[in-house]
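Asker: Sequence:
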Amino acid sequence: MPLCPHNSGLFSRLRDPKTQECTIRASVVLIGVQRLYQPGFVFVRGDRIVEVGPLGRRRRKRRGKLWELDGAIVTPGFINAHCHLDYTGLQGRLPRQSFSDWIRRIVEEKSKLTREGLVSAIRRGYELLLASGTTTVANIEAFPEILLEEKPLLRTIHFLELLDIRVSPWSEERLAGFWKSLLCQHSPMQRVGLAPHAPYTVSEHLYRLVARCADQLNLLWTTHVAESQEEYEMFRQAKGPLYELMRGLGRDCRDCGKTSPLGVLAKQGILSPRAILVHANYLQKEDQDTVVQSGATLVHCPKSHAFFGHDAFPLTEWTSLGVPVLLGTDSLASNDTLDLREEIRLARRIHPGIAPAQWWWMVTGKAGKILQKKPSLGTIETGAVADLVAFPWEPGEDPWECVIEGKTPPRLVMVGGNVLVAPDS
Numbered sequence: 001m002p003l004c005p006h007n008s009g010l011f012s013r014l015r016d017p018k019t020q021e022c023t024i025r026a027s028v029v030l031i032g033v034q035r036l037y038q039p040g041f042v043f044v045r046g047d048r049i050v051e052v053g054p055l056g057r058r059r060r061k062r063r064g065k066l067w068e069l070d071g072a073i074v075t076p077g078f079i080n081a082h083c084h085l086d087y088t089g090l091q092g093r094l095p096r097q098s099f100s101d102w103i104r105r106i107v108e109e110k111s112k113l114t115r116e117g118l119v120s121a122i123r124r125g126y127e128l129l130l131a132s133g134t135t136t137v138a139n140i141e142a143f144p145e146i147l148l149e150e151k152p153l154l155r156t157i158h159f160l161e162l163l164d165i166r167v168s169p170w171s172e173e174r175l176a177g178f179w180k181s182l183l184c185q186h187s188p189m190q191r192v193g194l195a196p197h198a199p200y201t202v203s204e205h206l207y208r209l210v211a212r213c214a215d216q217l218n219l220l221w222t223t224h225v226a227e228s229q230e231e232y233e234m235f236r237q238a239k240g241p242l243y244e245l246m247r248g249l250g251r252d253c254r255d256c257g258k259t260s261p262l263g264v265l266a267k268q269g270i271l272s273p274r275a276i277l278v279h280a281n282y283l284q285k286e287d288q289d290t291v292v293q294s295g296a297t298l299v300h301c302p303k304s305h306a307f308f309g310h311d312a313f314p315l316t317e318w319t320s321l322g323v324p325v326l327l328g329t330d331s332l333a334s335n336d337t338l339d340l341r342e343e344i345r346l347a348r349r350i351h352p353g354i355a356p357a358q359w360w361w362m363v364t365g366k367a368g369k370i371l372q373k374k375p376s377l378g379t380i381e382t383g384a385v386a387d388l389v390a391f392p393w394e395p396g397e398d399p400w401e402c403v404i405e406g407k408t409p410p411r412l413v414m415v416g417g418n419v420l421v422a423p424d425s
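Be aware that the sequence shown starts at 1, since it is given in UniProt numbering, and climbs by one per residue.
These aren't lab readings, by the way, just hints derived from the structure by calculation.
Treat each hint with caution, since some may be false.
What follows is a set of in silico ranges between Cβ atoms, one per label pair, in the way DEER data are often shown [unchecked claim]:
#1 D101 <-> K267: 39 to 49 Å
#2 P352 <-> E108: 36 to 46 Å
#3 G269 <-> V107: 26 to 36 Å
#4 G250 <-> V50: 33 to 43 Å
#5 E397 <-> P352: 12 to 22 Å
#6 H205 <-> E401: 16 to 26 Å
Distance condition first, Cα-Cα at most 30 Å in a straight line; then the derived DSSO-like pairs of lysine-lysine [to be verified]:
#7 K303 <-> K112
#8 K285 <-> K239
#9 K373 <-> K267
#10 K239 <-> K303
#11 K267 <-> K407
#12 K180 <-> K110
#13 K373 <-> K303
#14 K285 <-> K303
#15 K369 <-> K407
#16 K303 <-> K180
#17 K239 <-> K110
#18 K180 <-> K285
#19 K112 <-> K180
#20 K239 <-> K258
#21 K110 <-> K303
#22 K373 <-> K180
#23 K110 <-> K65
#24 K267 <-> K285
#25 K285 <-> K258
#26 K65 <-> K303
The structure displayed is predicted, hence computed values, not measured ones.
Where is the CB? At the ideal position from N, CA and C, for every residue including glycine.
Required output: the full structure, derived from the provided sequences and hints.
Answerer: As structure tokens, this is what we get:
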């Protein structure tokens, strides 16, 4: 999987999008659920798709580079809706244990991370994402000072992690990184959102502040909620290991013993279509109406879910209620891969009734519609961002099945019109 020479590092400057043009021809081009061109082409100018269709019907004169991809499927790049790139270096270092014990360990490991280690971890995380066909990542960034670096290689939504269980002053560097991320909100390759960590580490005051800020600045916000049985026990019953851990850390637990974790957010009236609720493994029947009426999105991380041995996630039940569910990998502190195809393969065994094209749509068009309204993300259509991936394909295979079940690296990866992984030829 050779990286193009001009983009061989983690961070790169984009080429001038006004002069870049190329055409990709492939055996199959996936454009929607059960919609494709076979064979087809995609014409790219700058960072956008300007034409797509079946071969032989092209209206525009070809200019620039031509990529001939016989025996390949072209698909929108995958969109990872929840990831912690900061923790890429923790792979295999935190064994499966109770959730509260895992929280203790992640806090300890987090305190040891150095600037050099973070840069290295994020670099490796981007490389793993790229190697599996992911072109957009919603990354929880706990160290905003890292954002003072150059632009990231992949399209990134930096969700800035916030918590106030322990209030400590920020360094000037961290504050500078935070403000830089807000200023780059309209960058084509970077956007920012807010990430109050979880109800057990974030006060009601901070949640309200985040929601108000998101409304005023037109931002998305995301939070972990109802991730574990221990979290449910903490808020519903005011007991359990997580409750004791948080009390020991000085958390004011007077809000416990009253409602579910989601109820803590719901009673503040802050849930809306801007909210992305991650994990949501232990939502109760009374929480269903709250989620449906709020218009919030859920994110399921199948392999992290299995790592902790959680109860089965009711994915088909949520989708039947019209609630959008996206997929993420979480971090390598609770996973062994950042490959969304592996997440889907695991989830398919638990939810066999969902068609391959629907799984594909969860990590392409559906995710793009929620994470970015305009220009279109996660689709192959005129005006959409040129984030494209090509995977090998054998004639006769179901194209969507081939994409999500494939284990080989992509033959081509394009992000914002830039070819980052080139065909061997």
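Asker: Okay, which hints does this one fail, numbers in order?
Answerer: The structure conflicts with hints 1, 4, 6, 11, 16, 18, 23, 26, although it agrees with all the remaining ones.
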